[in-house]
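Work out the full structure, taking the sequences as your base and the hints as a guide.
2 protein chains.
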Amino acid sequence: MTYCVGMMLEKGIVMMSDTRTNSGVDNISVFRKMFHWSKPGERMMAVMTAGNLATTQAVISRLEERTKAPEDRSIGLFEAPTMFQVATEIGQMLRETIAHRQKANGEAGRRKFTASIILAGQIAGMEPRLFMIYPEGNFIEASYDTPFFQIGETKYGRPILIRGYDRDMSFEDAVKLLMVSFDSTLKANLSVGLPLDMMVIGRDDFAATHERRLTHDDPYFERLSDEWGNALRTAFHSLPPYSFPDT
Amino acid sequence: MTYCVGMMLEKGIVMMSDTRTNSGVDNISVFRKMFHWSKPGERMMAVMTAGNLATTQAVISRLEERTKAPEDRSIGLFEAPTMFQVATEIGQMLRETIAHRQKANGEAGRRKFTASIILAGQIAGMEPRLFMIYPEGNFIEASYDTPFFQIGETKYGRPILIRGYDRDMSFEDAVKLLMVSFDSTLKANLSVGLPLDMMVIGRDDFAATHERRLTHDDPYFERLSDEWGNALRTAFHSLPPYSFPDT
Numbered sequence: 006m007t008y009c010v011g012m013m014l015e016k017g018i019v020m021m022s023d024t025r026t027n028s029g030v031d032n033i034s035v036f037r038k039m040f041h042w043s044k045p046g047e048r049m050m051a052v053m054t055a056g057n058l059a060t061t062q063a064v065i066s067r068l069e070e071r072t073k074a075p076e077d078r079s080i081g082l083f084e085a086p087t088m089f090q091v092a093t094e095i096g097q098m099l100r101e102t103i104a105h106r107q108k109a110n111g112e113a114g115r116r117k118f119t120a121s122i123i124l125a126g127q128i129a130g131m132e133p134r135l136f137m138i139y140p141e142g143n144f145i146e147a148s149y150d151t152p153f154f155q156i157g158e159t160k161y162g163r164p165i166l167i168r169g170y171d172r173d174m175s176f177e178d179a180v181k182l183l184m185v186s187f188d189s190t191l192k193a194n195l196s197v198g199l200p201l202d203m204m205v206i207g208r209d210d211f212a213a214t215h216e217r218r219l220t221h222d223d224p225y226f227e228r229l230s231d232e233w234g235n236a237l238r239t240a241f242h243s244l245p246p247y248s249f250p251d252t
Numbered sequence: 006m007t008y009c010v011g012m013m014l015e016k017g018i019v020m021m022s023d024t025r026t027n028s029g030v031d032n033i034s035v036f037r038k039m040f041h042w043s044k045p046g047e048r049m050m051a052v053m054t055a056g057n058l059a060t061t062q063a064v065i066s067r068l069e070e071r072t073k074a075p076e077d078r079s080i081g082l083f084e085a086p087t088m089f090q091v092a093t094e095i096g097q098m099l100r101e102t103i104a105h106r107q108k109a110n111g112e113a114g115r116r117k118f119t120a121s122i123i124l125a126g127q128i129a130g131m132e133p134r135l136f137m138i139y140p141e142g143n144f145i146e147a148s149y150d151t152p153f154f155q156i157g158e159t160k161y162g163r164p165i166l167i168r169g170y171d172r173d174m175s176f177e178d179a180v181k182l183l184m185v186s187f188d189s190t191l192k193a194n195l196s197v198g199l200p201l202d203m204m205v206i207g208r209d210d211f212a213a214t215h216e217r218r219l220t221h222d223d224p225y226f227e228r229l230s231d232e233w234g235n236a237l238r239t240a241f242h243s244l245p246p247y248s249f250p251d252t
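Listed in order, the protein sequences are those of chains V and R.
Heads up, the first sequence is in the numbering used here, so the first residue is 6 and it goes up one at a time.
Heads up, the second sequence is in the numbering used here, so the first residue is 6 and it goes up one at a time.
Please note: incorrect hints may appear among the correct ones.
Note that the list lumps identical chains together, so a pair holds whenever it fits in one copy or between two copies.
[Unchecked claim] Under the rule of at most 20 Å between Cα atoms (straight-line distance), these lysine to any residue pairs were calculated in the SDA-like manner: (1) Lys192 / Ile167; (2) Lys192 / Thr159; (3) Lys16 / Pro246; (4) Lys16 / Met98; (5) Lys73 / Ser148; (6) Lys117 / Gly234; (7) Lys117 / Ile65; (8) Lys16 / Phe249; (9) Lys73 / Leu244; (10) Lys108 / Thr72; (11) Lys192 / Leu166; (12) Lys44 / Ala129; (13) Lys16 / Ser248; (14) Lys108 / Pro250; (15) Lys44 / Gly17; (16) Lys108 / Glu15; (17) Lys192 / Phe241; (18) Lys192 / Gly130.
Read the hints as simulated data drawn from the structure, not as lab findings.
Here it is as structure tokens:
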């Protein structure tokens with residue numbers, strides 16, 4: 006499994022992904038699920054992937070190839086005039102990759118080789134944009150009403166995102182919020198694991214404003230995990246006491 | 006979907022279930038998912054159900070029939086000497102009900118008509134016990150290490166249970182904890198809905214010590230939901246601030 010979140014803020018976009026892949030519970034590896042491409046001053050594009058690893062790696066490799074030899078193709082990532090075009094290209098590539106495997110493996114393949122992608126980025130002269138791309142190749146875009154996307158093991162970490170999110174929050178607070186959401190997920194599900202990759206794309210920076218890998222021994226993350234447990238218990242005890250109607 | 010939790014405490018067992026059933030998102034009804042049978046001073050048994058409504062209603066109806074005409078059968082719920090035997094009986098009934106539908110509907114039926122049950126209860130002279138019964142008819146029992154079971158839409162409400170549970174907590178605190186867990190789930194998933202049914206089975210009470218239905222306009226639950234949002238935000242802001250290594 007996997008857990009990735011992309012979050013749109015007034016100041017830009019924050020992304021976080023885990024790095025665990027598993028085939029069963031006894032075959033666990035670390036693979037990067039966050040990738041980015043940039044042309045300084047002109048465009049920044051980043052993706053996070055969830056789903057079948059062979060599928061997502063194939064899509065990323067094909068994207069890499071296109072950026073390196075764009076003249077061979079109709080449109081490369083660096084030539085697409087808008088982020089919408091970039092999402093269209095990646096969606097098509099994802100759909101084709103899955104369809105190719107499905108063809109080779111029959112009807113069962115579609116389900117087995119499925120994958121989803123979160124795409125974030127900005128092209129000079131336009132707004133930062135955040136997309137969720139489905140295995141079918143179609144996609145939706147984040148809005149004021151739905152300002153963040155999750156893929157993979159999304160449920161454990163969702164309640165705190167719903168309650169903690171604020172479009173005007175700082176990048177630091179957004180990273181903290183994502184860490185709490187990931188901590189809740191890590192505590193509940195073995196298939197999501199450290200290290201975590203984190204990236205901030207500041208508005209009009211056209212580059213990774215901040216980029217980090219959080220490892221097992223990260224002192225801040227350890228402290229956050231401990232203190233969040235305590236803070237939750239304190240929050241719980243601060244709630245009005247319940248009493249049974251008949252007592 | 007459904008959300009039910011059964012929780013073992015030192016003082017007894019606390020149970021909570023929602024009442025929403027849906028077939029698609031446009032066909033939503035209210036059905037009770039919590040049922041109990043007791044023989045004052047001698048035994049108390051309660052179940053909560055998740056899964057296909059026709060299956061769970063059939064199981065409950067058959068249990069009702071057995072309690073009313075136990076002489077027809079080998080063992081009725083009121084004759085079983087231990088809670089383990091009760092779990093075995095209910096498990097067998099659940100498996101048979103699913104298998105019957107499966108037989109009538111072919112291979113696809115097993116998946117479609119599946120259901121799970123949480124069973125709680127106590128028989129005089131023995132400890133209170135809590136079981137989770139699978140569609141296959143087998144079951145597991147709660148222990149010190151795994152003191153609560155969830156069925157249905159379990160993920161959203163799990164992190165707070167993991168962090169807030171304490172075996173020695175009062176019934177009042179346990180109900181409050183379950184309400185917070187349900188509130189997180191209700192906020193995130195339309196398929197879980199009010200009203201909620203709640204029951205407390207006190208150790209050696211052999212009856213529903215407390216039993217209530219929480220409706221949409223319950224002032225305590227409304228207040229809890231509001232204050233929990235605020236308390237979570239306060240907890241979040243009480244965490245140590247994050248700062249990017251390079252700033």
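Hint by hint, here is what the structure shows:
Taking identical chains as interchangeable, the C-alpha atoms of Lys192 and Ile167 lie at most 20 Å apart whether they share a chain (19 Å) or sit on different chains (8 Å). In the homo-oligomer, the alpha carbons of Lys192 and Thr159 lie at most 20 Å apart both inside one protomer (13 Å) and across protomers (14 Å), since each shortest distance falls under that limit. Taking the closest pair of Cα atoms, Lys16 and Pro246 come within 20 Å of each other only across two copies (18 Å); inside a single copy the shortest separation is 40 Å, beyond that limit. Taking identical chains as interchangeable, the C-alpha atoms of Lys16 and Met98 are never at most 20 Å apart, the minima being 30 Å within one chain and 58 Å between chains.
Proximity of Lys73 and Ser148 under a CA criterion of 20 Å is satisfied in neither setting, with 32 Å inside one chain copy and 57 Å between copies. In this assembly of identical chains, Lys117 and Gly234 lie within 20 Å of each other by CA distance neither inside one copy nor across copies; the values are 37 Å within and 38 Å between. Only within a single protomer do Lys117 and Ile65 lie at most 20 Å apart by alpha-carbon distance; the minimum there is 18 Å, versus 37 Å between protomers. When the C-alpha separation of Lys16 and Phe249 is checked against a cutoff of 20 Å, the pair qualifies only between copies, where the shortest distance is 15 Å, while the shortest distance within a copy is 47 Å.
When the C-alpha separation of Lys73 and Leu244 is checked against a cutoff of 20 Å, the pair qualifies neither within a copy, at 57 Å, nor between copies, at 43 Å. For the identical chains of this complex, Lys108 and Thr72 are neighbours neither inside a copy (27 Å) nor across copies (55 Å), given an alpha-carbon limit of 20 Å. In this homomeric assembly, Lys192 and Leu166 come within 20 Å of each other (Cα to Cα) both inside a single copy, at 16 Å, and across copies, at 11 Å. Taking the shortest alpha-carbon separations for Lys44 and Ala129, only the intra-copy value of 10 Å comes in at or below 20 Å, while the best inter-copy value is 74 Å.
For the homomeric pair Lys16 and Ser248, the shortest alpha-carbon distance between copies (16 Å) is at most 20 Å, but the shortest distance inside one copy (45 Å) is not. Taking the shortest alpha-carbon separations for Lys108 and Pro250, neither the intra-copy value of 62 Å nor the inter-copy value of 47 Å comes in at or below 20 Å. Taking the shortest Cα distances, Lys44 and Gly17 sit within 20 Å of each other inside one copy (17 Å), while across copies they are farther apart (63 Å). Taking identical chains as interchangeable, the C-alpha atoms of Lys108 and Glu15 are never at most 20 Å apart, the minima being 43 Å within one chain and 57 Å between chains.
When the C-alpha separation of Lys192 and Phe241 is checked against a cutoff of 20 Å, the pair qualifies both within a copy, at 18 Å, and between copies, at 17 Å. With identical chains, the CA atoms of Lys192 and Gly130 are never at most 20 Å apart, being 42 Å at best within one copy and 37 Å at best between copies.
Going through the hint list in order, the structure does not satisfy hints 4, 5, 6, 9, 10, 14, 16 and 18.
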